[in-house]
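Please dock the two separately framed chains into a single complex, following the hints provided.
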Amino acid sequence: MIKIRLIPTLLLKKGHLVRSENFIKHNIIGDPYHEVKRFNQWNVDELIYLIIDENPENTNQSIELLKNISKSCFMPLTFGGQIKSMKDIHLRFQNGADKITLNTYAYRKPDLVMEASKVFGKQAIVGSIDYRDINGEKKIFINGGKTLIDVSPIEWAKELEKIGVGEILLQNIDRDGTAVGYDVETIELISSSLNIPVIALSGVGKFEHYVDGVKAGASAVSAANIWHFKEMADHLGKTVMRQHKIPIRIG
Amino acid sequence: MKIKILDIGISNLQSVINAFESINKTILICEDHKDIKNGDAFVLPGVGSFDFGMKSLIEKNYVDALNNEVINKNKPILGICLGMQLLFTCGYENNQETNGLGFADGEVKKMKIHDFKNYKLPHVGWNDVKILNNNGLFKDIKDGTDFYFIHSFYAQPVNKNIISALSNNSVDFMCAFEKDNIFGVQFHPEKSQKSGLQLLKNWCELI
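Each protein sequence line maps, in turn, to chains A and B. Position in the first sequence (first residue = 1) + 2 = this note's numbering. Position in the second sequence (first residue = 1) + 597 = this note's numbering.
In isolation and in its complexed conformation, chain B is listed as follows (with noise of 0.2 Å):
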């Protein structure tokens, strides 16, 4: 299995080869648009706002060669944080509607707080997540662990029945999504110690 993990020249992709290769996973950066088939599954990390990924993912060639290894080949792929987002239909970071990958239906939006004494935006920090599927990604990982969140932007699936796990700050929003071959997580597992790391081999063995 070759995992190739995709650079949009925004994200911090070392934190995700580091995570892979403590649990004894390879893998490798794609170099560019012609390398995406020889990958078998794919990790789109992310940090960054949503028209700038699109727009790096356009400029790199990237959106047909994964339409075709991801929709029409049905490899996996597994989005983190601003890669989720872009799997999902559309977003409206930074006052504009931007289509995304459209791996998944649904519309990526501004989180609305209705209290900012208890709750800040961005949702940075450590919070629970309440686990609805814990035969996938979520394998041997207890309901309520802790996994690090950094973002503004939530995705709302139109099916619901895609959803593994939810979060909350102010309102519950999806945190994790596993879709066939399709998976997401707007939480880092790389940046959630042994918990993450438990996620990311979950997934390893999913694929």
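The shape of chain A in the complex, shown without the other chains (with noise of 0.2 Å):
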């Protein structure tokens, strides 16, 4: 039986590691080889890298970051942030991803999703889906959280899916660093509507939480500042998913 993965959202700017909130303040809480080591001795299952400089220059520096992370990891990495073409994710790809995410650019350029996921594989596309409530509807934005377009999620997911991605990546803003919990709604009701997996992200405070996500219908659960705020947050996470009956893979 496939395991429900639990993985570690790690943010990186100019090269730091940053905790964030409402993809607004970020704030540097690391280093990120360091951080890799930790990850590797605990064996997680899966790691995702947001870059989310703006300025190329430190792009370049976030992927030379990566490239040396990649070579003591021997777990799968999804490589995100400033992906604008075939060339930039060829260059994730060569420097150690195993996947890839596209928000920004799978909206403004779909035939980019289309021509990635039939060179690479749609195993390897991963759609980010970034949402948060206006006036009482929910809506996705592009560009980091800065520009809204008005579009719901659940259209969006389906159209996604529908041009290539092999997964959802969804991140609802409103969440993002307040430790309140997953959007179980807007969970269940992508994953009940699509095919591919949905790996849920924002707004776990307590390990509890990656329980309602599981049961909301997510094939991953992911998480940022838990893992680094909380002692044996893998373990312990585990063993909280464990308690609940849901599978997991124990390394």
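Some clues are possibly wrong.
Straight-line Cα separation of at most 25 Å, DSS-like style, residue types lysine-lysine; simulated pairs [what the hints assert, rightly or not]:
(1) K791/B with K164/A
(2) K140/A with K714/B
(3) K69/A with K791/B
With beta-carbon atoms standing in for the labels, derived distance ranges [said to hold, decoys possible]:
(4) K160/A with V755/B: 30 to 40 Å
(5) K69/A with K709/B: 30 to 40 Å
(6) S154/A with N671/B: 51 to 61 Å
(7) L803/B with M116/A: 38 to 48 Å
(8) K73/A with N671/B: 28 to 38 Å
(9) K160/A with D777/B: 43 to 53 Å
Covered by chain B, per the in silico footprint, the following chain A stretches (three or more residues, Cβ under 8 Å) [unchecked claim]:
(10) 89 to 103
(11) 123 to 129
(12) 197 to 211
It is worth saying that the hints were derived from the structure and are not from the lab. Every residue gets a Cβ at the ideal spot worked out from N, C-alpha and C, and that includes glycine.
Structure representation (structure tokens):
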């Protein structure tokens, strides 16, 4: 039986690991090499790295960093952020990515998703959706949460599946860094409407929140801050999941 | 023993190289089709689609060179993920039939899911394997060990006796095979932590 994955998401800005709140506040929290070493020792299921730099020079710096990280990392890696073209995608794969995520440019250039999915296979292309509540309605955002698009996350998720992504990474901006738990309603709506796996992200403040995400239908549960601020976050997270009879991999 | 890894342009080569290095085995990137004869064993990794993978092997003039070394000279080859699929007769990705290398008889088809509530496609994540042959690739690996999978297509061999492990995603499918000097795994040993490294170590001892 396929296991529910528990995935740390790490945010990189100017070569540093940062914690984020509502996509606006970013505080430096540590040295990525040290963190990866820690995660390797924990034997986690998978890692997602999102580069949130806006300056292309910093992006190159972050890619260089990822290249070094992947050398000591025998687990699947997903790289996201600042990917605009087939060339950018190729560069990520050459530097150690197993999967890439597209957000802004999946919206701006759906052809890019189609082409990437044809060449690299859809399993290597993750569609990332950022959304938040606008006057009682959920709307997607691109550009790192800066640009509102008048489309609902469910509509966009269906479209992404149609044009060829192999997974959805679902982030609720309102919950980012707030520790109030996942937006289970949206996770449930999207995972029950799609045939591809959904990775739930944003809102986790305690390990029980993972269980809520899985019950809502997520194939993988991810979080960022909790990995930095709680000791033994992998072991304890999986212990709680196992207590709730969720199939997990024991490292 | 010189192990060469084949670059078909769409793979994450480095992670395979890193994995071999971590078990103290040197693995060199094959420079071009002329360099193939210099290898004693080959690793064909791969992410990507069947048709693009084959197209790349053909464009690089790897097909005849590999045939000569693997079929005529019996040198070992290990296919990983798409690399394993390419070892079979033909595949049906991107809505077209594409001939594979044909080192093993069988077809590569899209997985059929009967229940999308409980099973998704692509089949992504850690899944346990049912080991049928624990003398070769899976020596010292416990039945039911989890490996990392990421694929939508699977290979269906004509000869079921070559299957060394099965996994399940709504239906059972072959996830590893061994046929004389030809080896293939659908999962990614280079991404499967300790168990994956053990499998690569086993392969190095078999060849």
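Here's how the hints hold up against the structure:
no. : hint                           : in the structure
1   : K791/B with K164/A             : 36 Å, violated
2   : K140/A with K714/B             : 24 Å, holds
3   : K69/A with K791/B              : 21 Å, holds
4   : K160/A with V755/B: 30 to 40 Å : 38 Å, holds
5   : K69/A with K709/B: 30 to 40 Å  : 38 Å, holds
6   : S154/A with N671/B: 51 to 61 Å : 58 Å, holds
7   : L803/B with M116/A: 38 to 48 Å : 41 Å, holds
8   : K73/A with N671/B: 28 to 38 Å  : 34 Å, holds
9   : K160/A with D777/B: 43 to 53 Å : 47 Å, holds
10  : 89 to 103                      : holds (count 7)
11  : 123 to 129                     : holds (count 4)
12  : 197 to 211                     : holds (count 3)
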